Each structure stands twice: as C-alpha cells, then as structure tokens.
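> Sequence:
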Amino acid sequence: MFKRKSIISIVLTVVLCLVLSACGNKVENNDNKNSKAKSSTESGSNVVIYPLEVVDAYNRTVKIDKEPKRIITISPDITEGIYALGKGSSLVGRSDYDDYPVQALKVPSVGSLLEPNIEKIAELKPDLVIASTLFSKDVIKKLETLNIKVIVLYGQENFTGVYDTMEKLGKVVNASEKSLEIVSDMKNKVAEITDKVKTAKKPIVYYVVGFGKSGDFTAGKDTFIGNMIEMAGGENAAKDVVGWKYSIEKLLDKNPDILICSKLYNSKKGIEVTNGYKELTAVKSGKLLEVDENIIVRQGPRLADGLEEMAKLIHPELFK
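Start counting the sequence shown at 400; every next residue gets the next number (our numbering).
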C-alpha cells in the first residue's frame with residue numbers, strides 16, 4: 400500500500416487521515432440530515448435527478464449539475480466506495496494511498512491525502528473531486544479558483560456514519576440503488592456478527608498501533624477500532640484512555656488475553672522481540688494475532704468484513 404516507512408508514522412497517518420480519532424460507541428441515525436439531493440422512487444428504485452445539492456462534511460452546499468463522468472477521489476475509503484458502486488470506469492485520479500481494488504492502481508495518482516498535486520488534478524480535467532477526512536480547506540479554495548468542483552464526504556465515526564456516507568456517495572455518482580443495497584448488506588452482516596458474540600465471554604484485547612522506540616500506541620475507548628473490539632465480543636484493554644497514547648507499564652499491568660496487530664510492516668515479528676511485549680502472556684502463548692488493517696481503518700464498504708475478521712480473531716470458536 401505504501402512505500403516502506405516506520406510502522407508508527409504510517410499508522411498514525413492512516414489514523415489522522417481516515418477519522419479514527421473520535422469514534423464514540425453511541426450509534427445515531429443521521430440518515431439524510433445533510434443531503435438536499437432530489438430523488439424519486441420508481442418501481443422500488445431510488446432514482447437520482449440532477450441537478451442536485453448536497454451539504455458536505457464542511458457544511459458547504461455543493462451543487463452537482465449532472466452525473467460526474469470524470470472523478471478524482473482523494474481518500475482510500477471513497478475510492479473503494481466508487482468501485483463498489485460500479486463506477487470505477489469514471490475514476491481518473493486517486494491519492495497515493497488508494498490501493499484497493501487492484502484496478503485502482505492503474506489510475507494516475509495525484510499525491511497525498513493532505514497535500515495533493517493541484518497541477519496534476521487540473522490536468523486530469525475532473526468533473527468532480529471527492530475527498531474525505533481532514534482534506535485541507537486551503538486546497539479546496541485553490542481547486543475552486545480553477546473551477547474544479549470539490550465535495551468532502553464523511554459522517555459520524557461509527558457504522559452509521561459509514562452507511563450515511565455510502566448513501567450520499569451513491570446519490571452524487573448516480574448509483575443510489577446500489578448504495579442502498581451495499582448498506583443493507585453491511586447492516587445485515589453487522590447484526591449477524593454482534594448477535595453471534597453477544598453472550599460470549601469477553602477476552603481482554605489490546606490493539607497494537609505502535610510500539611518500541613516510537614512509543615506505545617493503541618486504540619482508546621473513543622476510537623473506531625476500540626469500538627469495533629467491543630462490537631466483536633472483546634473488552635478493549637485500553638478502555639481506560641482517550642485517544643491513542645498508552646504505556647508499556649499499563650499494558651504489562653493489564654496483561655491482555657489477546658494482542659492484535661497489523662499484517663503489514665512485519666509488526667508481529669517486531670512485537671515478539673520488543674522488551675515488555677515479549678513478556679506478555681498473549682505473546683508467549685501464541686495469542687498475538689494479525690489482521691488486514693485496511694479493512695478496519697478504512698471506513699468504507701469493507702468495514703463490515705473488518706468487523707467479521709476482528710470477531711473471528713477474538714472468538715474463533717464461534718466461526719468454525
């Protein structure tokens with residue numbers, strides 16, 4: 400996904416750019432609060448009628464005159480959403496981080512999430528640029544001076560927020576019916592998983608975000624990953640902190656039943672030989688487990704799959 404960097408810089412960039420820093424446990428229904436999209440229902444399908452107006456994540460009312468045929472996405476979750484909606488052929492640009500599905504790698508990159516290449520974006524002549532978390536308002540202004548339309552989409556940092564973003568994205572790109580189908584499938588999967596684990600004993604789980612010389616980082620009680628641990632039938636070892644910073648002393652005191660780390664960056668090998676971590680019972684007993692981090696940090700259409708993978712690690716006995 401990325402060029403080789405240290406684990407902590409990569410993970411914290413993902414954390415920063417994909418809105419994982421403020422996810423609460425309360426799920427509220429914000430469906431259609433911010434959308435002014437005109438739509439009608441014909442034969443059970445949701446048909447988008449242009450022009451439409453959408454209030455984006457920065458509370459900007461963006462008018463979209465017609466279905467965008469040349470789209471640049473500057474967020475991995477939005478890129479995944481575009482392909483899931485069957486609109487991959489409309490993608491003419493992406494960020495350096497957008498690597499799924501594999502077809503996305505054939506699309507030209509316009510740079511990083513926070514500092515995309517304005518000139519490159521202009522060269523690609525997009526009908527619409529779709530960004531997500533923490534996209535710079537200064538960059539928006541620069542693009543708008545070039546008459547390039549920009550919309551920033553992200554919702555609450557929980558599953559309901561993901562559902563809302565997918566539905567809004569579907570309206571913007573004229574794939575509303577498909578977006579409702581995706582959201583329905585996600586909701587069904589989440590309900591099945593949470594029902595399956597609801598009566599199971601909750602092991603104490605620690606998610607390793609960073610470790611060693613760079614500092615000890617994990618998913619606190621207010622983070623999306625922290626919430627997912629609880630939804631997947633675990634007890635978050637770091638529920639006593641807000642944010643991402645932790646300490647090896649606290650971790651040793653908790654001595655969690657399970658440690659989960661990213662499959663990327665050879666995290667597991669490093670953890671197994673790092674002072675403090677190598678003394679943990681979970682590490683010694685083979686309970687240091689790996690997950691594809693992209694499916695739990697990217698708040699897109701694969702997030703329900705990420706919850707399932709997390710639940711399988713925590714309760715393998717329930718998923719045989």
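Some hints could be false.
What the hints assert, rightly or not - Dumping the calculated DSS-like pairs for lysine-lysine here, alpha-carbon to alpha-carbon at most 25 Å:
hint, residue 1, residue 2
1, K597, K667
2, K536, K524
3, K711, K612
4, K600, K588
5, K638, K683
6, K601, K541
7, K600, K536
8, K595, K612
9, K468, K577
10, K462, K524
11, K597, K653
Simulated from the structure, these hints should not be mistaken for laboratory data. No experiment lies behind these values; they were computed from the predicted model shown.
> Work down the list of hints and note, for each, if the structure agrees.
How the hints compare with the structure:
1. K597 to K667: Since the Cα atoms of K597 and K667 sit roughly 29 Å apart, the hinted pair is violated (cutoff 25 Å).
2. K536 to K524: holds, 20 Å
3. K711 to K612: Distance of about 31 Å is beyond 25 Å: violated.
4. K600 to K588: Status holds; Cα separation ~21 Å.
5. K638 to K683: Satisfied, since the Cα-Cα distance of roughly 23 Å is no more than 25 Å.
6. K601 to K541: violated, 50 Å
7. K600 to K536: violated, 46 Å
8. K595 to K612: violated, 39 Å
9. K468 to K577: holds, 17 Å
10. K462 to K524: holds, 18 Å
11. K597 to K653: holds, 23 Å
Violated hints, in rising order: 1, 3, 6, 7, 8; the structure is consistent with all others.
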